[in-house]
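**Student:** One letter stands for each residue in the lines below.
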Amino acid sequence: MARRQIRIGAGAGFQGDRLEPAVVLAAQGELDYLVLECLAERTVATAQRERLRDPSAGYDPLLETRMEALLPIVARNRVRLITNMGAANPRAAGRKVAEIARRLGLRLRVAVVTGDDVAARIRPDMTALESGRPLADYGEIVSANAYLGADALQGALARAADVVVTGRVADASLFLAPMVFEFGWRLDDWDRLARGTVIGHLLECAGQVTGGYFADPGVKDVPDLAHLGFPFADVDADGFGVIAKVAGTGGAVTARTVKEQLLYEVTDPTGYVTPDVVADFRSVRIAEVGKDRVAVGGATGRARPETLKVSVGYHAGWVGEGEMSYAGANARARAALAAEVLQERLGADIPSLRIDLIGIDAAHHTSFGYPHDPYEVRLRVAGRTETREHAERIGWEVEALATNGPAGGGGFWRHVGDRIGIVSTLLPRTEVLTAAASVEARREAKAR
Amino acid sequence: MKRKLANLAHCRAGDKGDTLILSLFPFRDEDFPTLVEKVTADAVKAHLGHVVKGAVLRYELPNLPALQFVCERALETGVTTSLALDPHGKTMSYALLEMEI
Numbered sequence: 001m002a003r004r005q006i007r008i009g010a011g012a013g014f015q016g017d018r019l020e021p022a023v024v025l026a027a028q029g030e031l032d033y034l035v036l037e038c039l040a041e042r043t044v045a046t047a048q049r050e051r052l053r054d055p056s057a058g059y060d061p062l063l064e065t066r067m068e069a070l071l072p073i074v075a076r077n078r079v080r081l082i083t084n085m086g087a088a089n090p091r092a093a094g095r096k097v098a099e100i101a102r103r104l105g106l107r108l109r110v111a112v113v114t115g116d117d118v119a120a121r122i123r124p125d126m127t128a129l130e131s132g133r134p135l136a137d138y139g140e141i142v143s144a145n146a147y148l149g150a151d152a153l154q155g156a157l158a159r160a161a162d163v164v165v166t167g168r169v170a171d172a173s174l175f176l177a178p179m180v181f182e183f184g185w186r187l188d189d190w191d192r193l194a195r196g197t198v199i200g201h202l203l204e205c206a207g208q209v210t211g212g213y214f215a216d217p218g219v220k221d222v223p224d225l226a227h228l229g230f231p232f233a234d235v236d237a238d239g240f241g242v243i244a245k246v247a248g249t250g251g252a253v254t255a256r257t258v259k260e261q262l263l264y265e266v267t268d269p270t271g272y273v274t275p276d277v278v279a280d281f282r283s284v285r286i287a288e289v290g291k292d293r294v295a296v297g298g299a300t301g302r303a304r305p306e307t308l309k310v311s312v313g314y315h316a317g318w319v320g321e322g323e324m325s326y327a328g329a330n331a332r333a334r335a336a337l338a339a340e341v342l343q344e345r346l347g348a349d350i351p352s353l354r355i356d357l358i359g360i361d362a363a364h365h366t367s368f369g370y371p372h373d374p375y376e377v378r379l380r381v382a383g384r385t386e387t388r389e390h391a392e393r394i395g396w397e398v399e400a401l402a403t404n405g406p407a408g409g410g411g412f413w414r415h416v417g418d419r420i421g422i423v424s425t426l427l428p429r430t431e432v433l434t435a436a437a438s439v440e441a442r443r444e445a446k447a448r
Numbered sequence: 001m002k003r004k005l006a007n008l009a010h011c012r013a014g015d016k017g018d019t020l021i022l023s024l025f026p027f028r029d030e031d032f033p034t035l036v037e038k039v040t041a042d043a044v045k046a047h048l049g050h051v052v053k054g055a056v057l058r059y060e061l062p063n064l065p066a067l068q069f070v071c072e073r074a075l076e077t078g079v080t081t082s083l084a085l086d087p088h089g090k091t092m093s094y095a096l097l098e099m100e101i
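Just so you know, the sequences run in chain order A and B. Following our numbering, the numbering of the first sequence begins with 1 at its first residue and continues without gaps. Following our numbering, the numbering of the second sequence begins with 1 at its first residue and continues without gaps.
Read the hints as simulated data drawn from the structure, not as lab findings. Remember, it's a predicted structure, so these values are computed and weren't measured experimentally. All the pointers check out, no bait thrown in.
Reference listing, derived: stretches of chain B covered by chain A, where coverage requires no fewer than 3 residues with Cβ under 8 Å from a Cβ of chain A:
#1 16-24
#2 55-64
Computed spacing ranges between beta-carbons, pair by pair:
#3 A303/A x K53/B: 25 to 35 Å
#4 A46/B x A435/A: 45 to 55 Å
#5 A43/B x S56/A: 47 to 57 Å
#6 R186/A x P62/B: 24 to 34 Å
#7 R53/A x E72/B: 35 to 45 Å
#8 K90/B x R302/A: 24 to 34 Å
#9 H88/B x T430/A: 30 to 40 Å
#10 R78/A x K53/B: 50 to 60 Å
#11 P62/B x P305/A: 22 to 32 Å
Per the computed footprint, the stretches of chain B lying under chain A, defined by three or more beta-carbons under 8 Å from a beta-carbon of chain A, are:
#12 70-80
#13 83-95
Using N, Cα and C, we set each Cβ at its ideal position, and we do this for glycine too.
Next up, chain B with everything else stripped away, as it sits in the complex:
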């Protein structure tokens, strides 16, 4: 059965220039392997492709545990010149949590 990521993980969004950074943390450590398996860089690119024009890189941090997604060309040139309602992409953490796995 498919579940929304929002049901098993929390997320924080950050930005650096035109790069959107999404940090994903399982509520329960035992769900981390599921996230590693299902929430791949390709899956995130497919889910957020309408926003993320560049590559998605994923870092695995089992020490926390967490996944870090670095999404390039995602903020319409970045906060200082973007015309978007949310130029920082601060709301994008909840876009990732809409993903179904």
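Isolated chain A (complex conformation):
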């Protein structure tokens, strides 16, 4: 029988998110579902490289830590867990989750969703959405993952999985999936899908709707930010919901925090595109209905696109960075002299070289006419190179300023790393075949 209301919690909003808010949600939130969204754009490309080195790797590095903390609680409280921590290897992640459950003596059904890895279908002549140029122009392709929708999770939920592990799924779709499953929504019920997508979008960054990325002392005060609680939503069968958090946790859920998150990263509020629906936010209504309780509803929807967005990871060379601080009298001029020296010594070989003065213009590339120089300035240098050797030179040149540069340079730091770039392309839905499989039963089934 279809449910009238479900409660979905957001236990992580990015790969490295805090652990304990999810524990609090699972233990005290009276949840039906707990969703952990841990997969940023390039995380999956990094994970793909791990998998190439070791076929049993390529899932989220914090999977074991999170599961060991959460599985006993979700098992006890009968909360179903959904996560994209499968990253580049959902099957291996699913096996690991099942292994942890067995080790902890828990009887949990684990299912994995696959099909997002579309590297085999990507051709170098396909067009990058960002530039209109062929993918071949960017560099060696490392990974290609389609953003799956809520439909891809239905098979796993129908198998009564207690834990559903996926790779790349659109963030909001991770939350929409249990609504579609529990309420039996049709996959062309665009208005309900749009309303559910709005709830999912509000939850997907976890603490960003409960006062994180919001607090501004004296302007937008947030109580007990150090113990920020993560959100849950009570969603009804029409997709209307109330965003709230566990009593006693830090943070706040107000009309302001919800409005800021509603528009976060939305490039077109009249047509927010997901794999499930195109949602129009112009009719969304937001109202505070209690302490830390905000009602949300009213989005309308249009038909989902016939293509799926594919995130393509490519080798983007190396980046070298270096930093050095100057403080006290004439600090800005000494930092500027250091910048001149570095430009002279590195500029010709590293045309991408970028030099900022932290404290002056590093974040906004200007200080909008602020009249006073700060007491201390930190020089920051970064450059992109083809080779590691060139990237190393940047840090060495900054280090050499200690004995060869302006007076009083200290607090030296340097770093070198390779970069994976991300571009997007589109694939017809019909070319992306998804599947759900129970981990222990090892049965594969179509669940498109």
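Please build the complex by placing chain B on the supplied structure of chain A, with the hints as guidance.
**Tutor:** Leaving out everything else, chain B in the frame of chain A:
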């Protein structure tokens, strides 16, 4: 008299690739018409032109109320390949709030 936007509005920054998205909300609903009148797409482009190399599109959302600014070619190719200290442009909400109207 000119006022800084920071005195009458709050803002959140987000990114999608090379696109910077700035969401602007009046502290008081009655200031929304002032924001609509003064904080135009052209004004934002002029204020942030040293960062935003492409077009600025503005959406009006009187239901919230809010203005949404979609700034193209603003993040030096985007978070994965930018050399900027703040490759996401997360601090840029407070650059918009420096605008005087």
